[in-house]
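The sequence shown begins at 1 in the working numbering and counts up one residue at a time.
Errors might be hidden in some of the hints.
Claimed, not checked - Here are the simulated lysine-lysine pairs, DSSO-like style, with alpha carbons at most 27 angstroms apart:
| id | residue 1 | residue 2 |
| --- | --- | --- |
| 1 | K27 | K166 |
| 2 | K27 | K14 |
| 3 | K445 | K219 |
No lab work stands behind these hints: they were computed from the structure.
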Amino acid sequence: MLFPAGGDAEMRAKELDTLLGHVRANKTVRLVAGREFGRTTLLNELEVALIALGFSVVRVIGDPSLTNVKYAVLRETLVPADRLHQQATPSEVRDIIAIELSHSPNTVILVDDAEWLDLPSAQALAPLFDRGTIAGVFVSAPFQHLSPEQRVVSHILRADTRVELKALSFEQVGVLSETLLGGAVSPEVTSEIFSMSSGITGIAADIIRAAQSQRQIRKRSHRWVTAEHSLWNPHLEETIERLISPLQDGPFRLLHALALAGNLTAEQFHDFDAESAEALTRAGLITTFKDPHGQSRISPRPALVTDYFRQRPIDLLHLSAVRLLEQLSESSTGGGRRAERPRLRIDTRAQHSDTEETHNAGLARYLREESEERLAVTSREWRRRPDVVRAVAYLDALLQSGGYTATATEVLERTSSDHARDVDLLQLALHERMLQLEDTPSTSKHSAALRTRFPEYAGALEAYSIYVSFSVDGRSERVEAWLANPGDDPEGFCATIAAYIRTASGEVLPITAPNESGTNLPLQRVIGEQARLITLVRHAALSDSIEDMLIDPLNLMPGDDPVPFLVDSYVRSQLLLGLGRVSEARRTISRALSIGDLDLRFAVLYAAMLRWSAFLHHRDGRADIAGSLLSESRSYGELRGPMPGMRPEFGDALETLLTGDRQASGARFLEEARACYERSFLDSSWSTLRFAFQLDPSEAALELMDQLGTHPTYHWAAQLAEFSRAALRQDPDIILHISGLSGLPELASAADFLEDIEFYHRDKGIISSDEYARAVNEARQSFQLFREPLSRVVFRHRSPAVETLTPRELEIAPLTATLTNREIADRLTLSVRTVENHIARSMKKLGLSSRTELSTALSSVAKASSGMQSE
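Build the full structure now, drawing on both the sequences and the hints.
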């Protein structure tokens, strides 16, 4: 079943469901998470949920101050003190506990800070879980250096399975914000909280509460918004001081200097003071991310640390940090070639460096700071001399800062058109058109000046008007008349709009090269990039080479312009969903949302990504996040476009699905698919129709599929409809209808349709004949034979020998260069002997002779393996 039922409205809903499933199966679970990720809150929610299900819950909390006191924890939380004597053996205590627990059926023991249990208490508790009648959840912090006693406790309390909490994603921060504020939150507020908190639950909650109390965010209409560029306020100082108070002088000075700089290259940071860098890594106060140029960088974690140090007065500590920065700069630019360095340890030793969520937060903060700096510079330059060139730069910076509408009108009115170049004047005229679409009073003097002074550019303004009309009404008579003679302009804007309309209507145009000159208008890049990537997908589908597009990521333009990355993520996520790779599609679109700017040039694309991400999160079992994303997307209800998810009706149908009414949701998706087809939005029509049929298999949906099949782009849809009809009528010869399907997308769709039709039959109580059941099994086997399985993460130069390694060997290998066997054992909760055996077998299989070679060969592969296991 591809559309799971919705979960509860908790931020960690999926993790909570996972824990409940393990506990109900009488399994012991090790919950690995730092306190900053909200593990105690999750444990409280788990306790409430278990009690509601009829379980008896016992909470045991480890205490560092009582680790040397025999049975201290059990006396405080489980058994009356007078029944536990110091002389009692662990087996005697175990029997006493068993008698106590026998009075309550379905007992679950939740052990918080399990590594801080005293050893006798752990020895008494462990056998209870081995009997299979009592379930348990052991909560431990990740990657700690354990004492010998703690190591023994960890080995005694063995778990059947493991659940790990990671940093909050952008979408989860949105859910947290809605929960604490009691209403929808604008994307710019969510993005700011996400980048400031680096996804740390407690920090994000503190930022939200402080911003609300200081009225930095206000509720307008139906959602919380802000007009400020930063949510920092003095009430957050205590939050940061709790984090940095344990630091020694060296790491403190280095963190202070890093905060003043904002970010440094990873190599530069580590080489300057490796010892302090490692201390900050172990404290979890730095994060690693790649900037748009692909270079690894280090920044404070959470990013709120940067705000804390930057707002402090200039004192001795500040001057000391400045001197440290100067020394660091001198060391990085000094003459002479430096000796070859070992591989950067930060990448493997910090749990905060290899998670996608913290990477996104670091990159989001980096782009935000670059945008704010660019805005400050362009604003100052324009106010000093308000000419057209500076006005264009200022307006572009405003677009990416989220404060466009409030200021753009003033800029356009105060800027003179005199002595303006043709292209610059065209950009000002387009800004006027954009503001008019926002129902904002705006001048038209630049449009008039363009038509008078540069009449050859007048066609570009008409092309923009056609683009807006097509986005709403499709290929109307007006659009068709314009397409017959689109005209021309020196910048090629008319040609870009014409290509976009034809591509969005299902036509297959020749492949064009990506824009590398940077001379095109920013809006033109947004529109042209969408058309180019969709054309690439069309050609790949015709040549059955979709796999090549996914194996080799499309070439994105370096620098700060997010357009290529956003468009690529949007298109790629649709391809991944079409191939059934839901989790990978969700992660792809999530990363784009977390670092995307609220630029009006691609606001309709951003709205589509919000709705698309909501759909993917629902498919991945996170209905809570899906609801939050839909709330955000309502702010863009007036924007429309031809691509999947760009119309608000898609969100309305999904909102119905979140209520659990599959049939009603299927009807709304089908209605939207028809509306898109009537407007010649073929890609949107197919995507929406596919969801409609999966939710409610019907002949009405298949008739629309037949109509789509008359278009060359979707010629295979008619054959897919015939296959689906055969499955609906339970035709024993269903296997014959598969032979007409050859491409990967249609085979994936057919496999999905078959499963949904089977669910539909079971739900309606329709009994299958034995002959048809055998035919279904044969069809499933055929899909497995015809569909080439795609690796979730593919590496261009992966050694065939790597395929022979087990998942555990893939997990251990990257750690061998920087961790001892004992440290690896502690990190993965294994014995040292087990770690030694895995390393020896891995080196033998790969023909390697050193631990460093093993780590280098397997580092990226291990991350891929970890990603597959998480799904």
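Against the structure, the hints:
Between K27 and K166 the CA atoms are separated by roughly 22 angstroms; this keeps the pair inside 27 angstroms, and the hint holds. In summary, the hint linking K27 to K14 is supported, as the alpha carbons are separated by about 18 angstroms, within the 27 angstroms threshold. Our distance criterion of 27 angstroms between C-alpha atoms is broken by K445 and K219, whose separation comes to about 36 angstroms.
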